[in-house]
Structure formats: structure tokens, C-alpha cells
Amino acid sequence: MKVSLFVTCLVDQLFPQVGLSAVKILKRLGVEVDFDPAQTCCGQPAFNSGYVDEAASVARSFLQTYKDAGPIVVPSGSCSTMIKVFLPGLFELGSAERQLAEEIGERTYELSYFLVSVLGKDATGARFPEVVTYHDSCHLLRELGIKSEPRQLIGGVEGIDFREMDNPNRCCGFGGTFSVKFSAVSAAIGEDKIDWIRQSGAKYVISNDVSCLMHIDGLLKRAQVPIETMHLAELLAQFDD
Amino acid sequence: MIRIRLGAASALDNPQLQKNMSAVIRTALHSRDNSVAEVANWETLRQYAHDVKEHTLARLDSYLKQLEKRVVEQGGKVVWVENGEEALSFITRLAHEKNMTKVVKSKTMLGEEIHLNKGLEAAHIEPVETDLGEYIIQLAKETPFHIIAPALHKSRQEVSDLFTEKVNMPPTDDVQQITATARRILRAHFLTARLGITGVNFGVAATGTLVVVENEGNARLSASVPEVHIALMGIEKVIPRAADLSVFLKLLTRSATGQKITSYVNFINGPRRPEELDGPAEFYLVLIDNGRSKILADSFLRQTLACIRCGACLNVCPVYQRIGGHAYGSTYPGPIGAILTPQLLSEEEAPEHPYASSLCGACYETCPVKIEIPHILLKLRERVQRKKNDKASHIPLEKWSMQIWAWGMSSSRRFAWFARLMRAAQGWFLKEKGSRIELPVLNGWTRHRDLPTIPKKSFREVFKPEEKGN
Amino acid sequence: MSRAVVLEKIRRACAASATAGLPDELPEFPSYEDAASKFRDELEATGGVFFDARSSDELPEILSQILERTGTTEFYWESEEVFQKSAIPYRLRDPEAFSRPHLVFSYHFKGKVEFPLVLNFKPYDRATLAAVPVSVSRAPYGIAETGTIVHSVTPGTGRLLSVLPEAHVVLLSEKNLLMNSVEFLDRTQLGELGSALTLVTGPSRTADIEKTLVLGVHGPRQWYVVLTS
Numbered sequence: 001m002k003v004s005l006f007v008t009c010l011v012d013q014l015f016p017q018v019g020l021s022a023v024k025i026l027k028r029l030g031v032e033v034d035f036d037p038a039q040t041c042c043g044q045p046a047f048n049s050g051y052v053d054e055a056a057s058v059a060r061s062f063l064q065t066y067k068d069a070g071p072i073v074v075p076s077g078s079c080s081t082m083i084k085v086f087l088p089g090l091f092e093l094g095s096a097e098r099q100l101a102e103e104i105g106e107r108t109y110e111l112s113y114f115l116v117s118v119l120g121k122d123a124t125g126a127r128f129p130e131v132v133t134y135h136d137s138c139h140l141l142r143e144l145g146i147k148s149e150p151r152q153l154i155g156g157v158e159g160i161d162f163r164e165m166d167n168p169n170r171c172c173g174f175g176g177t178f179s180v181k182f183s184a185v186s187a188a189i190g191e192d193k194i195d196w197i198r199q200s201g202a203k204y205v206i207s208n209d210v211s212c213l214m215h216i217d218g219l220l221k222r223a224q225v226p227i228e229t230m231h232l233a234e235l236l237a238q239f240d241d
Numbered sequence: 001m002i003r004i005r006l007g008a009a010s011a012l013d014n015p016q017l018q019k020n021m022s023a024v025i026r027t028a029l030h031s032r033d034n035s036v037a038e039v040a041n042w043e044t045l046r047q048y049a050h051d052v053k054e055h056t057l058a059r060l061d062s063y064l065k066q067l068e069k070r071v072v073e074q075g076g077k078v079v080w081v082e083n084g085e086e087a088l089s090f091i092t093r094l095a096h097e098k099n100m101t102k103v104v105k106s107k108t109m110l111g112e113e114i115h116l117n118k119g120l121e122a123a124h125i126e127p128v129e130t131d132l133g134e135y136i137i138q139l140a141k142e143t144p145f146h147i148i149a150p151a152l153h154k155s156r157q158e159v160s161d162l163f164t165e166k167v168n169m170p171p172t173d174d175v176q177q178i179t180a181t182a183r184r185i186l187r188a189h190f191l192t193a194r195l196g197i198t199g200v201n202f203g204v205a206a207t208g209t210l211v212v213v214e215n216e217g218n219a220r221l222s223a224s225v226p227e228v229h230i231a232l233m234g235i236e237k238v239i240p241r242a243a244d245l246s247v248f249l250k251l252l253t254r255s256a257t258g259q260k261i262t263s264y265v266n267f268i269n270g271p272r273r274p275e276e277l278d279g280p281a282e283f284y285l286v287l288i289d290n291g292r293s294k295i296l297a298d299s300f301l302r303q304t305l306a307c308i309r310c311g312a313c314l315n316v317c318p319v320y321q322r323i324g325g326h327a328y329g330s331t332y333p334g335p336i337g338a339i340l341t342p343q344l345l346s347e348e349e350a351p352e353h354p355y356a357s358s359l360c361g362a363c364y365e366t367c368p369v370k371i372e373i374p375h376i377l378l379k380l381r382e383r384v385q386r387k388k389n390d391k392a393s394h395i396p397l398e399k400w401s402m403q404i405w406a407w408g409m410s411s412s413r414r415f416a417w418f419a420r421l422m423r424a425a426q427g428w429f430l431k432e433k434g435s436r437i438e439l440p441v442l443n444g445w446t447r448h449r450d451l452p453t454i455p456k457k458s459f460r461e462v463f464k465p466e467e468k469g470n
Numbered sequence: 001m002s003r004a005v006v007l008e009k010i011r012r013a014c015a016a017s018a019t020a021g022l023p024d025e026l027p028e029f030p031s032y033e034d035a036a037s038k039f040r041d042e043l044e045a046t047g048g049v050f051f052d053a054r055s056s057d058e059l060p061e062i063l064s065q066i067l068e069r070t071g072t073t074e075f076y077w078e079s080e081e082v083f084q085k086s087a088i089p090y091r092l093r094d095p096e097a098f099s100r101p102h103l104v105f106s107y108h109f110k111g112k113v114e115f116p117l118v119l120n121f122k123p124y125d126r127a128t129l130a131a132v133p134v135s136v137s138r139a140p141y142g143i144a145e146t147g148t149i150v151h152s153v154t155p156g157t158g159r160l161l162s163v164l165p166e167a168h169v170v171l172l173s174e175k176n177l178l179m180n181s182v183e184f185l186d187r188t189q190l191g192e193l194g195s196a197l198t199l200v201t202g203p204s205r206t207a208d209i210e211k212t213l214v215l216g217v218h219g220p221r222q223w224y225v226v227l228t229s
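Protein chains in written order, with the working numbering: chain A, 1 to 241; chain B, 1 to 470; chain C, 1 to 229.
Be aware that one or more of the hints could be misleading.
[What the hints assert, rightly or not] Below 27 Å or equal to it, Euclidean Cα-Cα: the simulated BS3-like pairs (lysine-lysine) are: (1) B:387 x C:9; (2) C:9 x B:379; (3) B:464 x A:121; (4) A:181 x B:391; (5) A:2 x A:147; (6) A:147 x B:370; (7) B:464 x A:27; (8) B:65 x C:9.
[What the hints assert, rightly or not] Which stretches of chain B does chain A cover? Using the computed rule of at least three CB atoms under 8 Å from a CB of chain A, they are: (9) 349-357; (10) 360-370; (11) 394-404; (12) 450-457.
Please keep in mind that the hints were generated in silico from the structure rather than gathered at the bench.
Just so it is clear, the structure is predicted and the values come from calculations on it, not from any experiment.
The C-beta atom is built at its ideal place from N, Cα and C for all residues, glycine as well.
Next up, chain A with everything else stripped away, as it sits in the complex (with noise of 0.2 Å):
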């Protein structure tokens, strides 16, 4: 089988390892994985403050790039939020682009879904004998409904201590430009957050998304609190070898 990685604008740029880490538990189960290096970005920056036309030219170039490739796999519930919901929506009803974008959002999957639902996997042979816990992303949970996957695939971690910490699903206070646009309310949503994930007991917070543990990451660094953020694939991508 072979997949091609969106691997979204934020990862290329500040989180490389876990792309890596996605091609790593990909190759590891037997998926071949191509990297169109034309890609770039969905358009959901702009299109999250209202910048409807400017998020549409981006989103072109995205289907362009995509209009010919098999199932695209994206390790980001927003983005692939932003690429099935929101994408065809950009383009006018009936026009061509708006049916491309349509068929290309069914075959985009974010990574949790594809490894569990797709490839129907529960694990990918990683073993971390740590104390973590998870957070549900908004758009990931409530856009795409994606809930269990990453659970069972966390679960499926060996040697794992798995605690679910108190209002998994609250909010973290990014929001994309909410971050700067009310800073001080999002930061003090992500407080509740941080208090939340302290008492879980988890030494490591994992998450879907990079835009989430990015603030959560600022929040936990600023008030000097030593547990980390990782992204789910990088999770899954430690293996032993």
C-alpha cells in the first residue's frame, strides 16, 4: 500500500521529528510512503481569521498537488479537519475545484484514524514504560468524531501507564489566532489545561495535534513545569531498534 504524507506547514517547520515519526510506524507497517515536496499548507490560518480568498489560493495549490495522488495521510486533526470539511466549502457549488476538493478530501485520513480504521491496527510494536496522558483536540474530536483511535493506539503501547486526566476534551485555549488575538483568555484557558494534565499524575501529555502542544508546551515551559509534550506519532514511533 502507499500513502502520501501531508505532513502540514507547522510540522515541516517547527516539528520535524514527528513527521519522521509518522514514516517511521508507517514503513514499520509495511506502507510505502511518498513526500510530494510541492506540498505546503491547507489555507487554515487564513481561513480561521476570515480570509476566505486568500485561504482558497493556498488551498488550489494544495489541490494541485493532491489531484493525483492515491490516500493522503495527515498527522494533524485540524488540518485534516481543515482539508474534509472546510476545503470544498472555499469553491464555488458546482465548479470543478469544489468536486476535486470534495474526492480528495475522502481519501484524506488523519494518521490515528488510518492506522486503527484503515489499516486496523491497534498498535505499532512502540514501547514507552512511562506515565502519559492524552488531550482531545477540538477539531479532531468534534469535527471528525476521531475519539478511540488514538486511545486504543496509546493503549497499544508497551509497557504504557495510560491516565485519562480530568476533561480530556476541554478545550486547550489555542484556537489559531485566538492565541494573539486574546491571548490572556487563551492562556488562561490553557492554565485550566496545564492544572488538569499536573494532576493526572502524567509525566508526558500526548495530542494529535502540534498547534495544541504547542501552546500547552509554552504554558508548561513559562510556569517551569517538567512534563512534556509529544505528538501521538511520535509516541508510536518508539521502537526499539
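Start from chain A and add chains B and C according to the hints.
The following block gives chains B and C in isolation, referenced to the frame of chain A:
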């Protein structure tokens, strides 16, 4: 222009407020969740209600006409007004004609929306709030903090102090005693009131019935003791059939207060009938537009009007939970306020409302009538941005940045070039990780959080084709 | 008046809408094997008091218990009809009683219980009503799902006698106990049960201060429902 950021800052800086809110909202959420968990077909009920509202809003004129016909048949009168000023003018004219100088009011958010009390006072008519929460904020000269619980932000101590100051109640921390004081004072008003004003939760077109939901009994009294009862109803509150009430009531009370049903569900079918011993001699239904017909015109945004004012979205919203109701600077706060306010007013008057959200979607999940609040927020952001950037007087800095960004992002070559620029700049302005940076946008981040370090190489620079596997 | 303007705005706004039809099948509402028990449980959960007078001639005994609990000595019946329908055997001390405007007479039960009953009292005004300690009405329907009774205004009765007093007693026949609100709305033409109908569930309440429950704000603090056969 309403500046939510300012209100939010003062709310965040108020530890007493944060404390008061947090305990109360947590209780409210538990009640709601427990009562919803009991209903096996909750999702079916939500979809049903959503569909009824969708259908009704698309044929609003015919249902309103049917409602009017039935109300008139039962001896009531129907008054249509375009806005708050017209409503106020009707009410004050009537009160003056009949020499009425006092009004007993039960809770009506629509009344708040049209600033009814201020208008009545200006016309020398005394409005008496009879709902305990509304009475408290009336004494405090504040606006409601929450759609369901107007005085949610006040501790019992604060309420006691208020009562001591305003009505000479001896200080107490016993909530029963505070309530008893309010009851005594308000009962005296009820026994002499000649004019009563209530809101309306649902107007049933098929039967001409106005439904008013409450727990205290003050709406029942406001509608029944005076000679004249005026019911204020937003045009969007009509529903087609009585049978649908079962579904709406079940959704409303569990969502709003976690109750299976409220103590009283009042069905008003006009003024008193000849053989009845009491009740108002005259009944007026005032149908108020106040910007709703404008919202109706957009077939996607129209679902904003499906709202049954349960307040559940406020309780579950992480933003509302931290900044509370007053920070929104509008009659309706929270997620519903964020979508309703810019549509009732304008994008210019309420440009921050659609942005005061992390788009988490918890509101949509909890909304009993399935209003797609996050998607509406995105649509409104688009409208705000277009309005703002189309203005000749405005320098569209943000739009230019977005355009440059989009230009950069729509080609992998330019994207890579931008990335190299960013890496080069990192060394230059980022003296130490986590320091406060006084550049726009970045300073918003670093005021509260450390920045991530930019790795030396990006994924695309590191990824080797051999790693494709096979 | 702005009727034409508002209607025109609405009409134009709705003009281009493709309408979905109204859903024609109501979602399921619960039914109960033992409706009376469900009713009792729900009523008691709200702070109401339930009495079962179905099996024997217990009604007068129950009423005297209620008098004791409310600490008064008189019941104010919503109408003569309600009283007559409750079929409580009575003996008039005053033979002219029914012709007087303010009807007060004594009730005897097996020589043990005696309490005055007030019917058709006047003046029927707010101040008098507010001073009434306990009033009694008969509900046309009850709803088991939520422990609710229906209060309607019938010819010769009013809205206020059941809401102004401190305590209120509702007589409900088991024959009229429905499973849920759907059944109620199904068999009722709203508007034919008087100008004001109220679904009442338990005492008046509020939680407006710190979400702390307080009973008895503007409506009755004591709420009794007596289920008869």
C-alpha cells in the same frame, strides 16, 4: 464598537469573580449532564427540534399570521413592531392612557435587548423586576451576567450586602432569608400591580398559545394579577404545533437548569374569559423584529434564530467560563451572543464577537437545537474581515499580511524561501528562548507562553526519499 | 402600525427558501408500568408531597393530615364543583350555607375529624387570596414522567387561588394520570381549558443565588398532590 478584550482583561483580573463563576458553572454543567444522560433518545430530540425550527423559520410569515389569528380569536390583541423604540412607545402610550405608573416584569431577555427598563423609567413608569436574579441586578444597576441566571456572578455575601444597602435588610449569609426578603417586597408589588409584562418562550401558531417557562411563579403572577398583560415575543419564537412543545420543553429545561421540567410551564390563551374569576381583562402580544428579519434572509445564518435561550452553550464555553457575561458587552454573551450580536447589530459595531472563540465546538455539541455555532462564527469572521478591509478609511495591514502569506504559501519554492528567512531571523531577534518579544503578534504569544525553538532543519530538508520504505 | 412592514421583510427574507417539511413523527416518550409510583417519585424529588387515596375512604383523613402539616384549620376550595366532585360526605351545620356568599361550614367524618371548608368565598381579590393559608383544586390531568399536574381555569374558577397561597393541594384522579406530556397535548385542545393553563411540578423554587436551592419564592412553598381513584 464593543471591545471584548477590555472586558475580558478586567474579568480575568478579578479573582472573586473567577471564584464565584467557577463553582456555579461546574454545578450547572453537572446538573445538565446528569439530566441529559437519562434521556436515551436525546440526539433524536435535538434533530427533531432542529428540523422543526428550520422548517418554521423558512415559512415564518405564515406561522406568525396563524398565531395572530388564533390570539385574536381568543380575545387578545397583536401588535407588530419593527424595533425596541416602537415596542417601548406602544407600551408607554398604553400605560399613560390607563394611568399606570408601575409594571411588574418577569424575566425577558428580549426586554433586556431593547433596553425596556431604561425606556420605561424615562417615561416615568416604574419597572419592577420580579424574578429574583433580575431583581438582584436591578438593585445593583447591572445587566444580566447569564441568559438563565442573571446574578450568577454574585456571591451570597455580595447579594446580602446589596440588599442591606438598598432595602435595609439585616446582613445575613442565609440564602433563604435573602429570598424571603425579596418575596415580601415583590409580593407587595404584585398585590397592587395593574400592568404586567412577560416574555415568551414559545408561541404556538396552531392554538394561539403563548408559553412561559419558569420556576418561581413570578411569571404566572405577572401574567395573571394585573388588568393588562403584555407579552413580548421575538418573531422567531413561533412554533407550528402544540405537539412539538413536548420535545422543546424537554430539551429546554434539561439544557438550561438540568431539570426534567420547571416548576411552572404557563400556557396563556388570551385574556380572561367571561366566566373566569380573575386574570387580565386585556392581553397584548407584541411581536418584535429588531433585526431578526435581516438574519432570516441568509439561509445558512438563519439557524441563529433557532435558539431557545437555554444558556447551555455559555456554561460549556471555555471562553465564557473565564470571562463571564459582562465582558461581551452585549445583551447576549457566550457562543450565542458571539453569533447573534454582530447580526442583530452590525459587523462594525461588534467586530470582536466572532473572534472571541477558540472554535472548540463544545457549544454545537451541547446546543439542544443543533445550531452550527462554530461554522457560523467562521462565516461571520469572513463578513467582518470583508467589511473592515473594504472601507476606504481603513489601512488593511492584516489583509496585506494575509495576502503575502497566501502568496508565499501557494508555491513550495516561495514557502521554502520564507522558511529560510524565518530561520535566519530567529538568530537575530530571539536572544533567548522564551523572552518577551515586542513585535506585533509574537508579543501576544510570549506574554504568556514560551516560544517553540525553530529547528535547524525542516522536515522537507531532512526527509530522505530512501526513507519511503521499499 | 408596522405589521405590513415587518411581514413584508419576513416574506422577502423567506422567499427564496427551499423548505424542508415538518417532521411528522414525534420522538418516543417514556411509558410506565406503574405510573402512580413514577409520578410519586418525581413529585417527591421536587419537594412535593404525595398522598395515595385510591384504595379506601382515606381522603378526609389525608386532608386533616395536611391541615396539620400546614398549621391551619381551613381549606379554601377552588369551586363548589371541585368539592362536590370529590364526593366527601358532609353535614351542614348551617342549613342556609349554600345560599350565603361566603360559605363556611363544618365537615364531620366518623365523628373524629372536623374542619371547616370554605367555598365560593368573596371578596375574590388579591389581598384575600394572598392571605389564604391552604387552597384546593382538582387537576384535569397529571403527567407521570415528571410528577406534574395540570392546572386549568374552568368556568367559576380563577388563576390565582392556586398560586398565591402558601400551600396548595391538588386532587388528581388516577384515571387522568397520563404517562408523558405528549399524551397530554394529544388529548387537549389548548385554549379549551381556559385562558390560562399551567403545568405545575412541586413547589415554587429558585437557585439564582450561588445555585443554592430555595423553595417557595412567589408560588406555594408547600405542594400536595392526592391521588384518588
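Hints, verified against the model:
A threshold of 27 Å between alpha carbons decides the hint, and for residue 387 (chain B) with residue 9 (chain C) the separation of about 23 Å falls inside it, so the pair holds. Simply put, residue 9 (chain C) and residue 379 (chain B) have alpha-carbon atoms about 23 Å apart, close enough for the 27 Å limit, and the pair holds. With a C-alpha separation of about 26 Å, the suggested pairing of residue 464 (chain B) with residue 121 (chain A) holds against the 27 Å cut-off. This hinted pair checks out: residue 181 (chain A) and residue 391 (chain B) have alpha carbons roughly 21 Å apart, not beyond 27 Å.
For the proposed pair residue 2 (chain A) and residue 147 (chain A), the alpha carbon gap of about 25 Å is at most 27 Å, so the pair holds. Restraint check: the Cα-Cα separation between residue 147 (chain A) and residue 370 (chain B) comes to about 20 Å, which is no more than 27 Å; the hinted pair holds. Distance restraint check for residue 464 (chain B) and residue 27 (chain A): the Cα-Cα separation of roughly 13 Å lies within the 27 Å cut-off, and the hinted pair is therefore satisfied. With a C-alpha separation of about 14 Å, the suggested pairing of residue 65 (chain B) with residue 9 (chain C) holds against the 27 Å cut-off.
With a threshold of 8 Å between beta carbons, the proposed coverage of the segment 349-357 of chain B by chain A holds, since 4 of its residues qualify and at least three are required. Look at the segment 360-370 of chain B against chain A: 5 of its residues bring a Cβ nearer than 8 Å to a Cβ of that chain, three or more, so the hint holds. With 4 residues bearing a CB less than 8 Å from a CB of chain A, the segment 394-404 of chain B meets the requirement of three and the coverage assertion stands. Counting residues of the segment 450-457 of chain B whose beta carbon lies closer than 8 Å to any beta carbon of chain A gives 6, which meets the minimum of three for the stated coverage.
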